[in-house]
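Asks: The hints should help you fit chains B and C onto chain A, whose structure is shown.
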Amino acid sequence: MTFLWGLLWGLAAVMFIAGGAVIGVWWERKVAARIQMRLGPQQLGPAGVLQMIADVPKLLFKEDIVPDNADKPIFRYAPMAVFAPIAMSVAVIPFWAGWAPLDSTVGMVFYLAFPSIGVLGILLSAWSSHNTLATIGGMRAAAQMVSYEVPRSLAVLSVIVLAGSLQPTEVMDAWQWWWIPLTFVGFVVYFIASIAEMNRGPFDLPEAESELVAGYFSDYSGFRWAIFMMGEYGALISASLFGAAVFLGGYRWLPGVAGLAVFLVLAMVLITAVMWIKWTFPRLRQDQLMTFCWTVLTPLAIVQLVVAGVVALWL
Amino acid sequence: MIVAIGCAAAFSLGVYAVLTRRDVIAILAGAELMLGAANVQLVAFALSRGGDGAVVSSFALIVLVIAAAEAAVGMALVVTAYRRTRRTLVDEFGEVSG
Amino acid sequence: MSANDLALAVTVTVMVAGAAGTVLTSDVPRLVISLGTFLLGVAAAFLVMGSPLLAVSQVFVYVGGVLVLVLFALMMVRRSGDEKPKVATRHDLGAAVIALGVFVLLAAVLGPVAADPTPVVTAPNEVGAILLGPSLVAFELVGVLLLAALLAVLVIVKGGEDS
Numbered sequence: 005m006t007f008l009w010g011l012l013w014g015l016a017a018v019m020f021i022a023g024g025a026v027i028g029v030w031w032e033r034k035v036a037a038r039i040q041m042r043l044g045p046q047q048l049g050p051a052g053v054l055q056m057i058a059d060v061p062k063l064l065f066k067e068d069i070v071p072d073n074a075d076k077p078i079f080r081y082a083p084m085a086v087f088a089p090i091a092m093s094v095a096v097i098p099f100w101a102g103w104a105p106l107d108s109t110v111g112m113v114f115y116l117a118f119p120s121i122g123v124l125g126i127l128l129s130a131w132s133s134h135n136t137l138a139t140i141g142g143m144r145a146a147a148q149m150v151s152y153e154v155p156r157s158l159a160v161l162s163v164i165v166l167a168g169s170l171q172p173t174e175v176m177d178a179w180q181w182w183w184i185p186l187t188f189v190g191f192v193v194y195f196i197a198s199i200a201e202m203n204r205g206p207f208d209l210p211e212a213e214s215e216l217v218a219g220y221f222s223d224y225s226g227f228r229w230a231i232f233m234m235g236e237y238g239a240l241i242s243a244s245l246f247g248a249a250v251f252l253g254g255y256r257w258l259p260g261v262a263g264l265a266v267f268l269v270l271a272m273v274l275i276t277a278v279m280w281i282k283w284t285f286p287r288l289r290q291d292q293l294m295t296f297c298w299t300v301l302t303p304l305a306i307v308q309l310v311v312a313g314v315v316a317l318w319l
Numbered sequence: 432m433i434v435a436i437g438c439a440a441a442f443s444l445g446v447y448a449v450l451t452r453r454d455v456i457a458i459l460a461g462a463e464l465m466l467g468a469a470n471v472q473l474v475a476f477a478l479s480r481g482g483d484g485a486v487v488s489s490f491a492l493i494v495l496v497i498a499a500a501e502a503a504v505g506m507a508l509v510v511t512a513y514r515r516t517r518r519t520l521v522d523e524f525g526e527v528s529g
Numbered sequence: 003m004s005a006n007d008l009a010l011a012v013t014v015t016v017m018v019a020g021a022a023g024t025v026l027t028s029d030v031p032r033l034v035i036s037l038g039t040f041l042l043g044v045a046a047a048f049l050v051m052g053s054p055l056l057a058v059s060q061v062f063v064y065v066g067g068v069l070v071l072v073l074f075a076l077m078m079v080r081r082s083g084d085e086k087p088k089v090a091t092r093h094d095l096g097a098a099v100i101a102l103g104v105f106v107l108l109a110a111v112l113g114p115v116a117a118d119p120t121p122v123v124t125a126p127n128e129v130g131a132i133l134l135g136p137s138l139v140a141f142e143l144v145g146v147l148l149l150a151a152l153l154a155v156l157v158i159v160k161g162g163e164d165s
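Chains as they are written, first to last, in the numbering used here: chain A, 5 to 319; chain B, 432 to 529; chain C, 3 to 165.
Just chain A, with the same shape it has in the complex (with noise of 0.2 Å):
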């Protein structure tokens, strides 16, 4: 039964995320289309929002083709070690008060450990490819994700001091309002590192669609390649709603629903920054990325920790 139970979470959990990631697509085009001072999709229904229905039977219906070359079964499953983590990660962030779907004591590093299991896939996928470019990719795109875990992490961890405790739930009954101007650096360390944890831009030259031909999934196509997509969507999704929880305080501003919808607005305006971002700033070259990660994110992330730890001394 309590496996019945956890199929259909997770069910839920993978359409949430592939539904979101259609919905994003969307919404990426447009706010792109607006910075550009261009229209973007606006053929299909009003403002091109039927452009996502129309989107998935594309993707469905193309070959899915495989390298002759390619160690085949890994090849064909390796995306889904890339998604299934990040699909995973989104069941312990707290929607509710006192509700999450996994609402383990131990979740907030749950949601840091699992999407670290993506990294595997990727280098997977990578190497099972057999082509340079894919491999170089790959591992380009491993160095980057395992080097802003620590940022990353650490920038957490400072609000898991200040709650003392790791049970999501409990970090949320914790916040306080003033947590944000406390943690703020703490919360930007961990907005930088997340969009360079989904290989997003800035950040994205491990793919850079259009240099290196997507680097570690160059080999893929139709619905394996959209894995990738939705993987990387679903983790823009996971990490925003996170952040919005554990740094902004979620559902924390407003009682009941209007408190659930207030989470939602927040982690909207999230992914619009991060879209806001990637369209803004030209990409960082590989050796100033690394050096952003170890000189200037970790030492903050460090300072930040130690503030709150401090601080919660004193609480």
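Derived by calculation from the structure, the hints in this document are not laboratory data.
In this text, a Cβ means the ideal position worked out from N, Cα and C, and glycines have one as well.
Mixed in with the good hints, there may be bad ones.
Just a few of them, taken from the derived set where beta-carbon distance is under 7 Å, the chain C residues facing chain A [to be verified]:
1. V70
2. V111
3. G113
Only part of the chain C face toward chain B is listed, based on derived beta-carbon distances under 7 Å [said to hold, decoys possible]:
4. M17
5. V25
6. V63
7. V68
8. R92
9. D94
10. F105
Replies: Here is chains B and C on its own, set in the frame of chain A:
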């Protein structure tokens, strides 16, 4: 009983990997097998003898961290040795200096 | 056989299957997947034994850290070109005898005395209280060790570049 047998099996598979692999990285993977199996056995033993869960967990956590540090240093050695000699097979490392 | 014993049996089976895969395959991605299966099995065993913090740390440190490191190192020292690079192995009867001996010894000595554990559910804050209380010295020493390991890795890698 089943945990003891299973961990013994995983541990001895790790021993076999260390003895038969010639690639340094695969040898380290074998060492990881031994460490993981030993850690599970440690926790299982302590709990079956009525140990305090928190003490057991903290002990196993320290073991886990030290094992991870060992793996990191090991990988750094392997990659450096490869850069110098372009080899990763243990039989090929014959010289002590150089 | 209770549900707990069944869960333990399943996780231990996963562990042994992953370990066997790690030892027997000579293909790089399959070796890494097998090792990952073993490490996830270890995490599941911790979870069944009532310590979610250990399970999550295992996933964080091993699957997200060490396993990626292993795959990274394997990819770095090989080219994923047309030829399929194999992990060099020399299967050997003597090694098999030694490994079997280790297994028989461990199973014979530990099997009879080690009853299967009854899970003790441990909250993470209890573990924190132990780490920052009675075993504070050990905790700090681990911190020193990690710093030493970090510096050692830096020195080793940089020293390799100079020559």
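Asks: Next, verify each hint and record whether it holds.
Replies: Right, here's what the structure says about each hint:
Because the closest C-beta pair between V70(C) and chain A is about 5 Å apart, less than 7 Å, the hint holds. Residue-level restraint check for V111(C) is violated (minimum Cβ-Cβ distance to chain A is 34 Å; threshold 7 Å). Here the hint on G113(C) is broken, as its CB sits about 31 Å from the closest CB of chain A, past 7 Å. Annotation: M17(C) was flagged as interfacial toward chain B, and the flag holds, the nearest CB pair being 5 Å apart, inside 7 Å.
Of the supplied interface hints, the one on V25(C) holds, with its beta-carbon coming within about 5 Å of a beta-carbon of chain B, less than 7 Å. Satisfaction of the interface hint for V63(C) is found here, the shortest Cβ-Cβ separation to chain B being roughly 5 Å, below the 7 Å cut-off. Evaluation of the V68(C) hint against chain B yields a held restraint, the C-beta minimum of about 5 Å falling below 7 Å. With a cut of 7 Å, the hint placing R92(C) at the interface with chain B holds, because the nearest CB-to-CB distance is about 6 Å.
The interface hint given for D94(C) is met, as the beta carbon of that residue sits about 5 Å from the closest beta carbon of chain B, less than 7 Å. Among the interface hints, the one on F105(C) holds; its C-beta lies about 4 Å from the nearest C-beta in chain B, closer than the 7 Å criterion.
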